[in-house]
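Protein chains in written order, with the numbering used here: chain A, 1 to 415; chain B, 416 to 548.
Worth flagging that the hints you see were computed from the coordinates, not collected in a lab. Every residue, glycine too, gets a C-beta built ideally from N, C-alpha and C. Keep in mind that a hint or two might mislead.
[Unchecked claim] To list a few chain B residues with every Cβ distance to chain A over 10 Å, as calculated:
#1 GLY435
#2 ILE442
#3 GLU461
#4 GLY470
#5 GLU511
[Said to hold, decoys possible] Label pairs and their computed distance ranges (CB to CB):
#6 B:GLU508 x A:ARG354: 58 to 64 Å
#7 A:ARG354 x B:PRO425: 33 to 39 Å
#8 A:ALA181 x B:PRO438: 36 to 42 Å
#9 A:PRO53 x B:PRO544: 46 to 52 Å
#10 B:ASP480 x A:GLU8: 49 to 55 Å
#11 B:LYS484 x A:ALA181: 39 to 45 Å
#12 A:ASP353 x B:ARG447: 36 to 42 Å
[What the hints assert, rightly or not] Chain A side only, calculated, beta carbon under 8 Å to chain B, not exhaustive:
#13 ARG264
#14 TRP312
#15 ALA346
#16 ALA350
#17 LEU389
#18 ALA392
#19 ALA396
#20 VAL398
#21 ASN402
#22 ALA405
#23 THR406
#24 SER409
#25 ARG410
#26 GLU413
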Amino acid sequence: MSLDAHGEHLLRELAPQVLAAVMRRFGDFAAAEDAVQESLIAAATQWPLDGMPQNPRGWLIQVASRRMTDTIRSESARRRRESQGAGPDMLDTRLARTGFSDVDDRDDTLVLLFMCCHPALSASSAIALTLRALGGLTTAEIAHAFLVPESTMAQRISRARQSVRSSGVAFEVPTSGERAARLGSVLHVLYLMFNEGYATSSGPDLRRPDLSAEAIRLTREVHRWLPDETEVAGLLALMLLTDARRAARTTADGELVPLDQQDRSLWNGAVIEEGIALISATLPRGSVGPYQLQAAIAAVHDEAATAADTDWPQILALYTVLMRMSGNPMVALNHAIAAAMVNGPATGLALLDRVQEDARLRGHYRLDAVRAHLLERAGDRDGAIRHYLAAAARTASVPERNYLATRASRLREDG
Amino acid sequence: MKYMLMMHAPKAGWTDAGIGTWPVDDIKAHIRFMKDFATELHNAGELVAAEGLAGPEDARIVRADAAGKPQVTDGPFAEAKEFLAGYWIVDVESPERVYELAARASAAPGKGGVPLNMPIEVREVMSAPPVEV
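Just chain A, with the same shape it has in the complex (with noise of 0.2 Å):
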């Protein structure tokens, strides 16, 4: 017998929880991590057999506890053995605290992922700590996630566990002072886990995990946790209104559909409506952050009922506004892009060649596919399939190098 789904839904709200009383409890990350699961797969054993308990998560964080306490008492007779007895040992101070805080679960939830999105940790590492630990994946789901060997994965997260623990990160909400910076990495993570799923999404693969959908679910937690975080509301409206569009970026047999191209009718109505209700409620508010510009160009684009439509005056401010903030190059390519829709290609290519001389931009691909994009647009046909061409052998991308080239095939039969 197993779980059925509502008991495993449960299991996967429950875990951080779980993993955040522990955490409180015995402060050993690492530990309590696999205490955790333990206790997750003691669970989706018991509770078929015996039913339910009448307060799960205090049976989870009792037998993790359990396991906790078992692992610590295992440890120090061992430390007491290799060091003969000398001195108190450290790790039995952790056994005398008792009991739990009174503090909310959910502040506890926030604190976990707070400490999984650790700067010191690389984006990966953070973004594959997060899903075990905040979204109740496996090691084997996130493997997946990530096209990797379950083997490579589980060493990932084994070595970012470790760099938690020697960090020494204090198990509690930041200091106002170093808030800022931390909520910041915090979002960023969210933020490349979105995009992750998001440029692997084509094609149907049923056991991949959807990471989008993750780092959705995970945003709206944190907005409502901090609803007075400007930038986590329009974080979220972002990942929303681009989330809208998923259906028509790509054929079914794969293929990149670029926005203008799409059918809009396969846009998601309500997931845009959640946006842009989300980020009007959120711009007026002030201190506008770069999510909420790029939400509300998002927001732009969502609204127009054809591609020809489009508010492009309104984006290029909004990307002029957005260049001045982040000094990002690929938003000066996006800027050069809605220069040229609004002023004509030859205002977009003279930026471009400004552009081109960031040295963070050499040798990428998207320089090439922006350029072929513009001479298209300027009826310079020789140079744009030079150009998609170079663009096609430069991306790692699949579908995005069958896009390029057929792009470039295309304007040679219709030239």
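Given chain A's structure and the hints, the job is docking chain B onto it.
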């Protein structure tokens, strides 16, 4: 037995005579072929791994110097006329089967639907020591 099937592509004309210069329908037919081939291998339980590699422009050759530090130089070896474009690793019952699969991959449709008949290098993947009987 496991084999690696390596697809080599000519380096000359990679950007100006490659797949992007074929008619749209031919590109589509080629992509569909590669996709179906991978699905078929997967369904037959013969697929271990398959990847396409990004173009050779950004390829680097790395050698360790005396101190073990990476010395990075541009590109595949200059004299090479071909580059590795992608590979499959398959687990099959017999060498005959792997030759059959390699021939299928070799005959992927190219411009005008004409089979490319490109060279596929077939190499056995080294394995654990044989079981003693």
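Evaluation of the provided hints:
no.: 1; hint: GLY435; result: 4 Å, violated
no.: 2; hint: ILE442; result: 5 Å, violated
no.: 3; hint: GLU461; result: 18 Å, holds
no.: 4; hint: GLY470; result: 4 Å, violated
no.: 5; hint: GLU511; result: 29 Å, holds
no.: 6; hint: B:GLU508 x A:ARG354: 58 to 64 Å; result: 60 Å, holds
no.: 7; hint: A:ARG354 x B:PRO425: 33 to 39 Å; result: 37 Å, holds
no.: 8; hint: A:ALA181 x B:PRO438: 36 to 42 Å; result: 53 Å, violated
no.: 9; hint: A:PRO53 x B:PRO544: 46 to 52 Å; result: 50 Å, holds
no.: 10; hint: B:ASP480 x A:GLU8: 49 to 55 Å; result: 53 Å, holds
no.: 11; hint: B:LYS484 x A:ALA181: 39 to 45 Å; result: 33 Å, violated
no.: 12; hint: A:ASP353 x B:ARG447: 36 to 42 Å; result: 39 Å, holds
no.: 13; hint: ARG264; result: 24 Å, violated
no.: 14; hint: TRP312; result: 28 Å, violated
no.: 15; hint: ALA346; result: 26 Å, violated
no.: 16; hint: ALA350; result: 25 Å, violated
no.: 17; hint: LEU389; result: 5 Å, holds
no.: 18; hint: ALA392; result: 5 Å, holds
no.: 19; hint: ALA396; result: 4 Å, holds
no.: 20; hint: VAL398; result: 6 Å, holds
no.: 21; hint: ASN402; result: 6 Å, holds
no.: 22; hint: ALA405; result: 4 Å, holds
no.: 23; hint: THR406; result: 5 Å, holds
no.: 24; hint: SER409; result: 5 Å, holds
no.: 25; hint: ARG410; result: 5 Å, holds
no.: 26; hint: GLU413; result: 6 Å, holds
Checked against the numbered hints given earlier, this structure breaks hints 1, 2, 4, 8, 11, 13, 14, 15 and 16; the rest are met.
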